[in-house]
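Go by the hints and put chain S onto chain D.
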Amino acid sequence: MVGLSQDPSTLNPAITSMFAEHQVAGQIFNAMMEYECFTIVPVPELAQSWQASPDGLTYTFNLVRNATWHDGVKFTSADIKFTFEEVLPKYHPRGPGTFGANIKSVETPDEYTAVFKLKGSFAPLISMMGLWYAGVIPKHIYEGTDIVKNPRNMDNPIGTGPFLFKEWVRGSHIRLVRNPNYWMKDRPYLDEVIFRIIPDDLQRVRALETGDVDYIPMMVPYSEISRLAKKPGLKYVNHAAFGAMYQLQFNLLNPILSKVKVRHGIAHAIDKKFIVDTVTFGLENIATGPLCSTIGWAYNPDVPKYEFDKKRAEALFDEAGYPKKEGGTRFSIRIVIPRWTTDDVRAAEVIRDQLKDVGIDAQLIVLESAVDNEQTYMKHDFDIHIEPRLSTGPDPNQIRYLYHSENIRLKNPTPGMWNIPIYNNSRVDQLFDQGARETDMTKRAAIYKELQRIIVGDLPVLTIKELSNPHIFKENVVGVPAGPYGGARERLHKVWLMTASATTTVGVTTPTTVRVTTPTTTVAAPDTFSQTIVPVVAVIVIIAAVWLIYKKRERQSSAK
Amino acid sequence: MGLLAYIAKRILLAVPVVLAAIVVNFLIIHSVPGDPIVMIVAGYETDPEYVALMRKEFGLDRPLHEQLLAYMIQVLQGNLGRSTFGKPVLELVWERVPLTLLLMGMALAIAVILGILLGTLSASRVNSVADTVVTSLSVTGYSVPVFWLAQILVLVFAVQLGWLPGYGYSSLKADLTGLAHLIDVLNHALLPAMALALNQLALVVRLTRSSMMNVLTENYIITARSKGLGDRSVLFGHALKNASLPIVTFTGVQLGYLLTGAVLTETVFAWPGLGRLLYDALLWRDYPVLLSMFLFAAIIVTVANLVTDVLYAILDPRIRYGE
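Taken in order, these protein sequences are the chains called D and S. Everything in the first sequence is counted per this note's numbering, starting at 1 for the first residue and increasing by one. Everything in the second sequence is counted per this note's numbering, starting at 561 for the first residue and increasing by one.
Only true hints are included.
Below 30 Å or equal to it, Euclidean Cα-Cα: the simulated BS3-like pairs (lysine-lysine) are:
hint : chain 1 : residue 1 : chain 2 : residue 2
1    : S       : LYS616    : D       : LYS104
2    : D       : LYS74     : D       : LYS90
3    : S       : LYS616    : D       : LYS411
4    : S       : LYS616    : D       : LYS90
Simulated from the structure, these hints should not be mistaken for lab results.
The following block holds chain D by itself, in its conformation from the complex:
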């Protein structure tokens, strides 16, 4: 039983990039590749092996031979051709740029071979073939239909994955059962997976405590973790989420923020460690640059550092021509942030206060996410925009949307990510183009490392912290995918439940690969029960007492 935060909007993995959707669809469908959950390196799935031509223009994939769709039809290269030519380039939110712009054609010399011909060399191709970007859907079900509105997206989806769709009671649960004919030998282990939909974050945690749910793969409130970690029978794993970062995007059209010294000053004025320690209970990593450290091969720790130093910050503001005026203020700015979670907003409040400390009159505007999107992406009306959980992986080419000048869409704005800082550096553009073309991984890494150095120097965006994705599960749940690419994003085909008798015979309680981070002890565990029940009783007693005294007085006075 898995706790889920909301009903998926679709179970078709080829037309969405959202969490709840992929969490469920990921059990029903496969993709060409899966990701190793710690290193985020693509590993074979439907494509068992592949070769790239030396010029990087042709990729040949050898497909798995014993896979069938859940309705018994054989899976073949025709399904791959259909998915990558007809579906992904049009209907996936990132499809046009990732696949449409790069794939010329998919050829199918035989049933188990798919040959991708590219328009130009495009190195991120392989790492964009995971389920998140490229779930493979059946041609015989979808061909000739309206892909987006096909009823199979919502009922009885047909995939090749480890579990079969059984029922979906909207708002309550989704029930999947074991696929007895799964192409991967002896998998999955579980007979049934039920996703129980509990929208409230705290209630979802309570459901784990009452035993209604066995596993919560994401969205566990940080404030609950130190308490839950101490509970017997529960296990908790924390790791940096898959590339998502909390970041401040500067509007470079603002005359004040267009000065690099001001941006450097702001970076020196913000105490990232304080934010991580207090707001996120020490559960997150401090960010250093535009790429998340989990993308290890391309991540560059050797970038300009902006240590927390108020004096340095104030000096930089003075040099930029913004000395303190009467009242101690230098200039005013508006910080806009979407309300995803309370923790996101709290971090923004700390940032506002730290900026006030150095004389910046910062006003915080918290908006519902759709309104935020309208204000920042469509109207481009902000000074600093906080994007609390922007993904920077799996391939570093992902951040091209934010920094490459081709994505400046001031005249023709779109919702969703584009280069809203209006950052324009021809060297950066050039490096992004090279990085996308280069097939040699060592050379690619060098390109992205240089990119990170330049971007952190120019600082159109200041990253604050790398998001964590703690998951909590019962002690007897074994094989939970637990790396940066785990949680919501990985399949449950390796998960099994340990029974009491198995404990004694097997004796395995900790999967050896799990990295367990204990929460910092500086923060006291909030005991929600006593925190809430005591005030209630107190309030009731006080009200009753006041009332009784009042009545007594009233009776005495009327007796007189």
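What follows is chain S alone, placed relative to chain D:
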């Protein structure tokens, strides 16, 4: 004019009200920033081609008045359309109706029955300890926010005591059918119904108490007492009927509020009813579902008002309509 003619007239009058509600709701919803496409891509990098294609797919590229006209024609034909995510709206709403009606019914029953009993008790013994306790509790009950109360109920009865289930509408691990399933569902409904009922209960208690206190000073009550009738007979046989008019009005009006309360309660208790559907549709800017939910709410409130007025005539023979 007879009662039937009156009801017919009221129904005819309700039609323009509901139509106006559709237009106003449509305009309000579309003037709120964001649309389903924005919700799908918010916070992600997106290609402009995709956005353009999806807007076309959902008909959002057409001018607003065209969209409104198309929607009105569709509704008048009895077709509520399809959710942005594919399912027919009527099917989505219909599968949620029983569960929300169950919850609202239970909440209303708890509020009205318990409220009238406690209110009557309190009015018959003004300034006694019982009265003081009931009145204080009802003030507290009315002041407590629903979402907070819901959390407390779960903490106490589900987590600490383990007496009642705190989430969902049925036990998913056990395969229950027939009567066992019904009992299981009722068991699951108890906590959310309590949370939903408390505010209403507090109001019914206060209302019954003050209304009863007025009625109890009337001459006919003194007559009844002087005939030697017992307390129970006077209170429930004579006084309550006249005191109940404001309670009936109130209950009718409260149906609308119960639906609002259901949004919060159903979200906290993961109860898959209409409130949750509304909440999800709002998050996703699922226009067809949202509009249908508002239409549904408008119809419920209109019908509830009508039923209230008819009940008046039955309870108080002096009231005549249309004269």
